[in-house]
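Visitor: Sequence:
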Amino acid sequence: MSKQGILLVNLGTPDSPSVSDVRRYLDEFLMDERVIDINPVGRTLLVKGIIVPFRGPKSAKTYQKVWTDNGSPLMYYSAKVKDLLQEKLGAGYHVELGMRYQNPSLPSALAKLKEAGVSSIRVIPLFPQYASATTGSVHQRVMEIVSKWQTIPDMSFVNSYHDDPDMIEIFAENGQKYHPETFDHVIFSFHGLPQRQLVKADDSQKHCLKSPDCCSKLTDVNKFCYSAQCYNTARLIAERLSIPKEKYTVTFQSRLGKDPWAQPYTSEVIHQLGKNGAKRLLVFSPAFVADCLETIYEIAEEYDLEFKALGGDKVQLVESLNDKPEWIAVLEKMSKRN
1 MSKQGILLVN LGTPDSPSVS DVRRYLDEFL MDERVIDINP VGRTLLVKGI
51 IVPFRGPKSA KTYQKVWTDN GSPLMYYSAK VKDLLQEKLG AGYHVELGMR
101 YQNPSLPSAL AKLKEAGVSS IRVIPLFPQY ASATTGSVHQ RVMEIVSKWQ
151 TIPDMSFVNS YHDDPDMIEI FAENGQKYHP ETFDHVIFSF HGLPQRQLVK
201 ADDSQKHCLK SPDCCSKLTD VNKFCYSAQC YNTARLIAER LSIPKEKYTV
251 TFQSRLGKDP WAQPYTSEVI HQLGKNGAKR LLVFSPAFVA DCLETIYEIA
301 EEYDLEFKAL GGDKVQLVES LNDKPEWIAV LEKMSKRN
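Numbering-wise (the UniProt record's numbering), the sequence shown opens with residue 1 and increments by one.
Think of the hints as simulated: they come from the structure by calculation, not from any bench. Each hint should be verified, as a subset may be incorrect.
[As the list claims (entries may be wrong)] Below, computed lysine to aspartate or glutamate pairings styled on EDC-like, alpha-carbon distance capped at 16 Å:
| id | residue 1 | residue 2 |
| --- | --- | --- |
| 1 | K48 | E87 |
| 2 | K333 | E33 |
| 3 | K177 | E319 |
| 4 | K223 | E319 |
| 5 | K3 | D69 |
| 6 | K48 | E33 |
| 7 | K3 | E332 |
| 8 | K217 | D202 |
Owing to the predicted nature of the structure, the values given are computational and were not obtained by experimental measurement.
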């Protein structure tokens, strides 16, 4: 009996925190035309001539701070999720993990599914909110690889699950144990995107950034907008935890370069809250289903230090979904959903 194939895809991580491996990772990541969406010559000069040579050593030092005996936290949790999902789904399924950049590579993961003779492949990007630079890039690369096969099985792609009620419940439960009502403010910090990419994703070209609250509500016009989906995820978690609108802010982190990115920026909001006398901040990071450099280091360490320098007491990170059994159950439902 043929099996159904499940391909879990995460962003990726360097093979090690060495400068050479980090540079190799950054090169593959940033040369993606969907990540830095400028003309190829400009992208090559920027990435290979400036970012990779100069950012590589600095990024390597940061990776060294989060690296464990199990390797990269992102890889550790992604691999555990793959094994746990395989166990949950049973013999009728074949689950593989691929990284959009570096290892295990998408070609190798898809080759394993092909060798297993699966009758279908369901691609599940481990990004709750859709963005061209993440989910879109994964879908494009998978289709490029599979299009070269002589026999192509039934293919299906998960676009987004930013409003999945079971996923929302897990994030809410993770935050509940910190008692959100005892914090001065709650921040929902999402990974940033250049504003130009948000505008390009607006097929109507009549909505994105045309008003200050263009992302506050999901509509048919902005249903694929990354920022709007982020706001929707935050709203659902906040409602589940009874957090009033005035007590939380949606922000964006990890920007690169001088072009304007999705706003407000997490660091600037934290600074403003600190200057206004806030002492304790609770931070969710629902763009990530596994804790990684952006959560463990950027939020829990960097932002915490910045906030304390302003007189604050604590920036408390709410852990991600990681390998929680409830998260595996969500993925099981996604795997079986028609």
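Visitor: Identify every previously stated hint that the structure contradicts and give their numbers, smallest first.
Guide: Result: hints 1, 2, 4 and 5 break, sorted rising.
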